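Top to bottom, those sequences are chains X and L. Here the first sequence stands for residues 262 to 530, numbered as in the working numbering. Here the second sequence stands for residues 4 to 355, numbered as in the working numbering.
Errors might be hidden in some of the hints.
Unchecked claim - SDA-like mimics (lysine to any residue), calculated; alpha carbons at most 20 angstroms apart, straight line:
hint : chain 1 : residue 1 : chain 2 : residue 2
1    : L       : K106      : X       : F351
2    : L       : K222      : L       : R194
3    : L       : K145      : X       : P450
4    : L       : K87       : X       : R424
5    : L       : K145      : X       : R424
Keep in mind that the hints were calculated from the coordinates and are not lab data. All values derive from a computational prediction rather than experimental measurement.
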Amino acid sequence: MTARGFWPALPALILLLVFFLFPVVRMLGFSVEAGTLDWYAKALGEGLYLRVFWNTFEIALLVTLVCLLLGYPLGYLMATTTPGWATFGFICVLLPLWTSVLVRTYAWMVLLGRNGVLNRTLMESGLTTDPLPLLHNFTGVLIGMVHVLLPYMVLPIYGAVRRVDPAIPAAAAGLGASSARIFWRIYLPLTLNGIFAGSVLVFVLSLGFFITPALLGGGRVMMIAVLIEQQVRETLNWPFAAALSAVLLVFTFAVYALAQRFTQPEATR
Amino acid sequence: MRTAKGSGEGSAELLIEGVAKRFGDVVALDHVSLQVAQGELLTILGPSGSGKTTLLKVVAGFEAPDAGRVTVGGADITALPPAKRDIGMVFQNYALFPHLSVKANVAFPLEMRNVGKAEIDRRVGEALAMVELAGYEARLPKQLSGGQQQRVALARAIVFNPRLLLLDEPFGALDRKLRETMQLEVRRLQRRLGLTTIFITHDQEEALVLSDRIAVMNKGAIQQIATTTEIYERPANDFVADFVGESNILHGTMSAPGLVALPDGRKLMVDSEAAPGARVGVLMRPERFAPGGINEFTGEIVEAVYLGTSFKLRLACEGGQELLVRQPARGALPAAGTTITVGIDPEAIHVF
Numbered sequence: 262m263t264a265r266g267f268w269p270a271l272p273a274l275i276l277l278l279v280f281f282l283f284p285v286v287r288m289l290g291f292s293v294e295a296g297t298l299d300w301y302a303k304a305l306g307e308g309l310y311l312r313v314f315w316n317t318f319e320i321a322l323l324v325t326l327v328c329l330l331l332g333y334p335l336g337y338l339m340a341t342t343t344p345g346w347a348t349f350g351f352i353c354v355l356l357p358l359w360t361s362v363l364v365r366t367y368a369w370m371v372l373l374g375r376n377g378v379l380n381r382t383l384m385e386s387g388l389t390t391d392p393l394p395l396l397h398n399f400t401g402v403l404i405g406m407v408h409v410l411l412p413y414m415v416l417p418i419y420g421a422v423r424r425v426d427p428a429i430p431a432a433a434a435g436l437g438a439s440s441a442r443i444f445w446r447i448y449l450p451l452t453l454n455g456i457f458a459g460s461v462l463v464f465v466l467s468l469g470f471f472i473t474p475a476l477l478g479g480g481r482v483m484m485i486a487v488l489i490e491q492q493v494r495e496t497l498n499w500p501f502a503a504a505l506s507a508v509l510l511v512f513t514f515a516v517y518a519l520a521q522r523f524t525q526p527e528a529t530r
Numbered sequence: 004m005r006t007a008k009g010s011g012e013g014s015a016e017l018l019i020e021g022v023a024k025r026f027g028d029v030v031a032l033d034h035v036s037l038q039v040a041q042g043e044l045l046t047i048l049g050p051s052g053s054g055k056t057t058l059l060k061v062v063a064g065f066e067a068p069d070a071g072r073v074t075v076g077g078a079d080i081t082a083l084p085p086a087k088r089d090i091g092m093v094f095q096n097y098a099l100f101p102h103l104s105v106k107a108n109v110a111f112p113l114e115m116r117n118v119g120k121a122e123i124d125r126r127v128g129e130a131l132a133m134v135e136l137a138g139y140e141a142r143l144p145k146q147l148s149g150g151q152q153q154r155v156a157l158a159r160a161i162v163f164n165p166r167l168l169l170l171d172e173p174f175g176a177l178d179r180k181l182r183e184t185m186q187l188e189v190r191r192l193q194r195r196l197g198l199t200t201i202f203i204t205h206d207q208e209e210a211l212v213l214s215d216r217i218a219v220m221n222k223g224a225i226q227q228i229a230t231t232t233e234i235y236e237r238p239a240n241d242f243v244a245d246f247v248g249e250s251n252i253l254h255g256t257m258s259a260p261g262l263v264a265l266p267d268g269r270k271l272m273v274d275s276e277a278a279p280g281a282r283v284g285v286l287m288r289p290e291r292f293a294p295g296g297i298n299e300f301t302g303e304i305v306e307a308v309y310l311g312t313s314f315k316l317r318l319a320c321e322g323g324q325e326l327l328v329r330q331p332a333r334g335a336l337p338a339a340g341t342t343i344t345v346g347i348d349p350e351a352i353h354v355f
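So that you can see chain L by itself, here it is in the shape it has in the complex:
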């Protein structure tokens, strides 16, 4: 057994080591390891069935892993029941206690810790003020809107100063405007309280907005853990490149330093140190195409969509290649059937 804190892991508040879980023949978690620093917000991003919810349940204590361990602040919590973990969690549907008032809901974790009545009143008041729900103490959950219910769930999850905050797709049920407001509010609160947080979502946009770092999961394994820009600009593999943002992914072979040969014979100038002969993936983000770019693509527009700030164009290029291109929305939307030429610079192409 290794000690909880190896060298260089000094700031890791949450440490997940080799956690595995299977349900019958289905591998939900395939020896997942990751760490979250004190005060960091790590997003676990993945499609449904990727194992992200199972991982959260293992951390919260609702699911026992088959192998591996979870430590918080150096203490092994793998075998602890949920009640002893000191983790605040916001559930997908909030899981507010329907028979208890807003105040009683938020007071619940404090009561369970036998906090004195005056102290409970003070801290519940503070927590409700923090989520801007002062004055709603006597309401029942069903008398609140979705956004307000979520604030109550958040207040309830942070009122007892948990070591860890877990957010399980908390914004899914909110409409777009409210969702954006709540995302920023949660982020502000999390920063202010310095809460080490794990946030689960399948929405890559949400992940980019909120996170310090993102762990992209698929098929029970972590595909890449990196900062938001790293994930978007330099994805580690096809899955990450495809799942996060819009993308054009090609595959080819390095024919010379800085030159990728595509299957159709085309050569792309890239900014990469991959050795000649290596099989590589090439990622070109649609918004990185610009007129006058060094690598030129000429194709017929098969689909043109106006998106307010940009045009989204689907090009059928010579050689059968399809390209997704975004251009700033200036002037008229190019008509389908027109042939245009776009270019992309080597620095804008990511090779993996």
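With the rest of the complex left out, here is chain X:
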């Protein structure tokens, strides 16, 4: 970066330095305050905590997968439909994004509870006799997280599909390709970057997700962010919370770095 290009970013950099980077470093300092790595040993050594890490990883992966399966068709549709429908799609995708996560999560609690809207409708219509367990478990967390994170998958995919010259799938059709083959041979490889970008975004955001798993999981679905909050608020064990945060941070960076390696070379397959 040239010296001239650097200055406009300075206020933002100072802000980040003072209010973000410094507190993070300070917080990480807690974890080694005693001069030992005992808290890290505990975080990575005890089965209980490893389980939580694994759990987090699993949920993040599943959320990413579900988002991809729901988000690709949606993003594709929005990119290839008429401008009117595309705008409608955008409103549907973006409106939730502008609403508070907290509000949306509470809304899911109203919908998914034992006496929630969904269960009552199902029972009244006679489709089920007993309420389905949708809240305070894995299913609830999954539904809530997918809902919150879906836009982060849809938008990059939408962008990637939009960048495909419409003449290219048309040419494929003219050369004898069925719709399915156009998808597998043309759209999918040409939109891999979008799929990748969306997946990394959703996965990384999932790793540190707090509000949704805390509320919809009802304490029964333990993700790493929920655990950290417990350590801080309930057991006041700041050093351990700091160590857990550090591990999460490193893991997140690792995922991100790995993703970078794969996204860099465009179309050299």
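Got chain X; can you put chain L on it based on the hints?
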């Protein structure tokens, strides 16, 4: 419903009958009919917005006509999706698959037809040799020049022996030298393979170079379909006369057999059998003027341009008539302001 092949249409490979298409209030195609013979190269020539691209899309299957039908080899394909039409097409910007190698691009239509691997290798090799791109198999499209990309697009369009080849302004993006080379190459290949071909362009020069016949389109309708010489020498109306080549177009009335009276009172001797009293158009090509021609025009040169092989002169004649004249470039370029007299023989004037 008429049968696909009426009498005298036996050799028509492609038959377009009464095809109409409108987009909202805009009439893109106004009941267009034409036929292309087996192995013929027909050019559809027209300005942008004339409907030529829509017509091509209807033939390729990317646009469904509101009325009319398209048959290839006697089979009605109007309702078939593009994938089932067996038509090779070269797109304006080539539409190569950017993530696939040259070889994979050319192999694509064969793979879609479930051709065996050995057979694919053989035919891709042949097609690439035909467009002189042997050795480029592993390259990606973006590693090729514009001309090479076009050759790949061409190879991809012919490798599966399509019934029809469609070329949608394929030379637009190439520089002049390359364009001329590619035009001749496409023509040579098309003749050699006997491919029934429709070529879309707005460039009348290109149309004259390439075509067996030209269909001139304007405002969604075909103005004239004829051989290249016919189109140039004997255009059917003002639009064709004006769009193809340089022209001087006058209007007048037949005052006697072989005599046209112009509005300014002048009389032109022409070679025409139009009945006296008929309103006619008169076309005089700039290069047909010669010293000593029977119908004489005297005028002041208002503009003189040197074009290498010829002089292009704009004359302001007596009576206010403007004339465009081309003369072989010999000697010095006549100066603006000089008055000269040029003539044109009756046989060189086209009356329509």
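Results of checking the hints against the structure:
{"no.": "1", "hint": "K106/L - F351/X", "in the structure": "violated (39 angstroms)"}
{"no.": "2", "hint": "K222/L - R194/L", "in the structure": "violated (31 angstroms)"}
{"no.": "3", "hint": "K145/L - P450/X", "in the structure": "holds (16 angstroms)"}
{"no.": "4", "hint": "K87/L - R424/X", "in the structure": "violated (27 angstroms)"}
{"no.": "5", "hint": "K145/L - R424/X", "in the structure": "holds (16 angstroms)"}
Hint violations for this structure: numbers 1, 2 and 4, all remaining hints satisfied.
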